[in-house]
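A.B. asks: Chain by chain, the residues:
2 protein chains.
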Amino acid sequence: MLTLQEQTATDELPLSYLPFISSIKKRGLKLKEVACQGYPVGWYGEKRKSTNRMVKVICYYLDGTINLYMRPIEGITIIVLIDQMTIASYIDRLIVPVPKANGTDYMGSKLQRSSHESNSIKIVQPDGPSFTLDDGNTVRWGDWKFHVAYDMRAGIIISLASMFDAEKENFVVAYFDAGEFGFGLCAVELEPSKDCPENAKKMPNVICIFERYAGDIMWRHTEDAIPGKKIRKVRPEVSLVVRMVSTVGNYDYITDYEFKQSGTIKVMVGLTGLLEVRGSIYTHNDQIKAEVYSTLIAENTLGAYHDHFFTYHLDLDVDGHENSFVKNNLKTRRVINKSSPRKSYWTVVSETAETESDAKIQLGYCLIPGGSATSPLLSDNDYPQIRGGFTKYNVWVTPYNKSEKWAGGLYTDQSHGDDTLAIWSLRDREIKNKDIVLWYTFGVHHVPKQEDFPIMPTLSTSFELKPTNFFQHNPVL
Amino acid sequence: MLTLQEQTATDELPLSYLPFISSIKKRGLKLKEVACQGYPVGWYGEKRKSTNRMVKVICYYLDGTINLYMRPIEGITIIVLIDQMTIASYIDRLIVPVPKANGTDYMGSKLQRSSHESNSIKIVQPDGPSFTLDDGNTVRWGDWKFHVAYDMRAGIIISLASMFDAEKENFVVAYFDAGEFGFGLCAVELEPSKDCPENAKKMPNVICIFERYAGDIMWRHTEDAIPGKKIRKVRPEVSLVVRMVSTVGNYDYITDYEFKQSGTIKVMVGLTGLLEVRGSIYTHNDQIKAEVYSTLIAENTLGAYHDHFFTYHLDLDVDGHENSFVKNNLKTRRVINKSSPRKSYWTVVSETAETESDAKIQLGYCLIPGGSATSPLLSDNDYPQIRGGFTKYNVWVTPYNKSEKWAGGLYTDQSHGDDTLAIWSLRDREIKNKDIVLWYTFGVHHVPKQEDFPIMPTLSTSFELKPTNFFQHNPVL
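Chains A and B, in that order, are what the protein sequence lines are.
Just so we're aligned, residue 68 is where the first sequence starts under the numbering used here, counting upward by one.
Just so we're aligned, residue 68 is where the second sequence starts under the numbering used here, counting upward by one.
No lab work stands behind these hints: they were computed from the structure.
The beta carbon of each residue, even a glycine, is placed where N, CA and C say it ideally should be.
Check before you lean on any hint, since a few could be wrong.
Unchecked claim - Here are some chain A residues the structure puts well away from chain B; computed CB gaps all over 12 Å:
hint	residue
1	D319
2	V385
3	E418
4	T419
5	W463
What the hints assert, rightly or not - In silico DSS-like links for lysine-lysine, alpha-carbon gap of 27 Å or less:
hint	chain 1	residue 1	chain 2	residue 2
6	B	K261	A	K533
7	B	K97	A	K296
8	A	K261	B	K97
9	A	K99	B	K296
10	A	K167	B	K123
11	B	K92	B	K116
12	B	K459	A	K405
13	A	K394	A	K469
14	B	K459	A	K296
15	A	K167	B	K300
16	B	K269	B	K189
17	A	K99	A	K116
Could you put the whole structure together from the sequences, leaning on the hints where they help?
C.D. replies: What follows is the structure, encoded as structure tokens:
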């Protein structure tokens, strides 16, 4: 991982480097309006493992905007050696127009008040919140209890989460992995009443906890089939959210863990902030004849197709340490005799990983994917795919191993993919009735669109862990 | 469709029918605790079309609960002719235990206050709502304008929805189809502050409109790459929801149309209420040796596997009447020469329905499925599947035709599937640059679980219509 000090030093390096100063002058730009950012270089098949920590630096032009990412200065390649903090390679290849500043601003002060602006709307709790925060880390809310920790790489770590039934309990641990920059390290201060609602508590400045009420219905029924009676019972949905925002350069990642009274845990990642764009000679779609793997989102501005994958390390101990992974398949059963006028039914065929099982129902927690159980589009032999081999499947199950903590490997900077979940799993270990870890990867293939310019509306994706024949009845009555 | 009068008369018919009274006595039950409900009979391959409107009546036992659906009286088959309002067939086959009343209640009065109960939480708007309701049907909110109508079968109909950009506009019409009972006819009165939040307006008693604020972030960015500046800009997400609840017997369907400031329309259906269960001899899973196509959700109570499919009729006129349907496929492109150290990239290949197109970007609205673009599990030749042939694909596109309004056909009661979307589409009409209708079907395969007893936590499913290169930039700055 890059430390914040290393990142700052890297970003300032080109500004006093003579060839770079000359490149800026040659483009007719003002040096004081230039800001630079370092990016990991990756690995593209070089045989020898690099012993140098290095980054590629990309510079942007401000001059009338604060949205630097929409104004990349193209044609210059700068490689910085981190440990020496020197420029190891500098090439000024060609001059490409810098996209214009016009329309890139997203700050209110420069914009006229939008007609969309609503009257103020607030979530209020006159009697205060219903959750408590013991010793700064342990949250209790209704029957839920869990521990919130903070990790420089993972960001929020939820552990020892349990919801008590008559006699059952369960534990959940989730890690969030953010390769080279660290989700924890990039956590940003949350703005009151905007990043989190009015009723939120901060825990330190980068994590907030609040009760969420969106006007949704947890369950309801209107009964009019009972003669002489009119029954209506509605229970509004109130849940508890633990939120963190990590800004990794241009992108802002919102991470929510939502605990529901029904025992469900919903995990959500929202993507917002600024696209990483390339400057380009194109000002209109008709000019583009070659494949650019991008959308022209504004004049001279290409937004490249790219992926975001998120892997959660779910160390579920449902009703004890020994767990199994059961896959439920829905299967059509054809009616072959005259036992029914129907021609088919469907049923649930449960399959316990590795060996068959005659379990009729699944007891425990069920993973419910959201809309984006995305699989990779890169070829298996492409270097980014080798390094991110863990994205090949959405679900992996491994026996718990203390050293297998990060799906992308302990060190990801310029990694060759030899320490990933995909490699560990080749050992094909026993996973039935073991202390197992469920790794769930989901994500988005992001095809940028004009509406993402100059700032992206939040694109969110989620999954749920839902109790399934775990409680003996609806736990919220 | 069955009228409310017909439904009430049907439900009362068995209670004065002597053979039924004797069946109740034989089971040791009290007649005054019995309540009955009529259900459509469907079609199971009979060659001749029935000219009779008929329903099957199922009776339930109250005696200590108001949750009749958890206490079916099994073993009795009653067929009622609607037009004559007489019992045409009555068979008492066998006696099965009635599931017990214990634990089936969902009303607060009988339950002790749950430890989950939160302090009060409210959405407040001190300056009142930001939307207006002209002539009782036209809603204006920010740049959005649309018309809300009410149909006995479809429920809410949103029409003439538009969001004004500089010069563009678009229209959306959506129908909601609810076969035999009518979503509109079954709409129930909404409970203030529970079915809809405190800031909602009712429009009549069965539709509510409110601004939704859940503490979510519409877009944000923290910028620290500009030397000497610290920038943070966060815009909270506030949307407008139009909601209706339809209770069809035991099930409660929540229908939300959510209009976002970003131009996105999110359509959500929530399923709650009471499962339809069967009484059974089983009290424990170990006793079940045969396939029962069900989960034993409580003693003597089987919850059958079943499906819910919802079809939306989306008559989108994006920037005019003539529209085309473009399918965007993400494709891997292998690098075959040495032009890049990479081995692959991915790109977007657009395909206009019927003929190829070289369009580089999609202009217009994009349909984003939620987690449940479910396909049917029944065999094609099974009668329910023939009648519901429109569920075979999630997406259908037809040229607009005034008579093609209901995906399941104008008359669905005992229909033979000869007037459905699947049949109309066999004509394979031209759809390029036409006034087209997009039919989107989504749903859930519901495998009941213990947590659905005695009342189901809301299971929701959704899709979005998202502007994609339609506006020239993020419309909410």
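A.B. asks: Taking each numbered hint in turn, which are not upheld by the structure, reported in ascending numerical order?
C.D. replies: Checked against the structure, the hints that fail are numbers 1, 8, 10, 11, 14 and 17, while the rest are satisfied.
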